[in-house]
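Residue numbers (our numbering), protein chains in the order written: chain A, 1 to 116; chain B, 1001 to 1109.
Please keep in mind that the hints were generated in silico from the structure rather than gathered at the bench.
Glycine included, every Cβ here is placed at the ideal spot set by N, Cα and C.
Please note that a few of the clues may not be correct.
So the derived list for chain B, only partly shown, Cβ under 8 angstroms to chain A, looks like this [what the hints assert, rightly or not]: (1) Pro1044; (2) Leu1046; (3) Ser1082; (4) Ser1084; (5) Leu1088; (6) Phe1099; (7) Ala1101; (8) Gly1102.
One letter stands for each residue in the lines below.
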Amino acid sequence: GAGVSQSPRYKVAKRGQDVALRCDPISGHVSLFWYQQALGQGPEFLTYFQNEAQLDKSGLPSDRFFAERPEGSVSTLKIQRTQQEDSAVYLCASSYYSSGSYNEQFFGPGTRLTVL
Amino acid sequence: QKEVEQNSGPLSVPEGAIASLNCTYSDRGSQSFFWYRQYSGKSPELIMSIYSNGDKEDGRFTAQLNKASQYVSLLIRDSQPSDSATYLCAVDNNNDMRFGAGTRLTVKP
């Protein structure tokens, strides 16, 4: 079946603009995760959904970052008033299981955000 | 101390050799352990998962887990130039996944 998809693949924003990044998880996957990956680093956790419930948003770096998954499928990560330090690749991953072990996460291709 | 530590490399091995990648983690409550491969400019791809102490083999890949030592490793046998990538170690405690910074592997023909 289809994997995780993300759009747009590339986004260039001027400092201060708002952006919205979309993630379509694998069909039937309960859990959805957002990560931020800086160059040369591993992915850093941002937030996690189980169905439509946002169970953990401890990784969101500021209140400019907001994520939602209103119908328990597609998710949107919104960044308001973008800053240069927001430039990174934003990765979405989904997992079949809701909790506990066997949390194999499958990643989408990512959105590369560049803030000028 | 980082939660998941990996040698950043680069690790260079000749084609056909065994590549050995290591990872240590700090959270003793971690339950699930994963190795992801990431080619330059691409997203991480899951290649191995391991949940209990010991070895797990899948083709040319073997993952090893020692929870007492908080240590995970990945062995790649008969390394190929196509294995050249960054390998990310990931450690999960009930949907709290932490990644290492990755080890860059180069397999030379």
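### Restraint check, 8 angstroms cut-off on beta carbons, for Ser1082(B) near chain A
violated (19 angstroms)
### Query
Against chain A, is Leu1088(B) within 8 angstroms by beta-carbon distance?
Holds - the Cβ of Leu1088(B) comes within 8 angstroms of chain A, reaching about 5 angstroms at its closest.
### Query
Was the hint right that Ala1101(B) lines chain A, CB cutoff 8 angstroms?
holds (5 angstroms)
### Query
Does Phe1099(B) pass the interface hint, meaning its C-beta sits closer than 8 angstroms to a C-beta of chain A?
holds (3 angstroms)
### Interface restraint verdict for Gly1102(B) against chain A (beta-carbon cut-off 8 angstroms)
holds (6 angstroms)
### Interface hint status, Pro1044(B) versus chain A (Cβ within 8 angstroms)
holds (5 angstroms)
### Message
Please check whether Ser1084(B) passes as an interface residue: C-beta within 8 angstroms of a C-beta belonging to chain A.
### Response
violated (16 angstroms)
### Message
Quick check on the hint: Leu1046(B) CB to chain A CB, less than 8 angstroms?
### Response
Cβ of Leu1046(B) sits 6 angstroms from chain A, so the hint holds.
The earlier numbered hints that this structure contradicts are 3 and 4.
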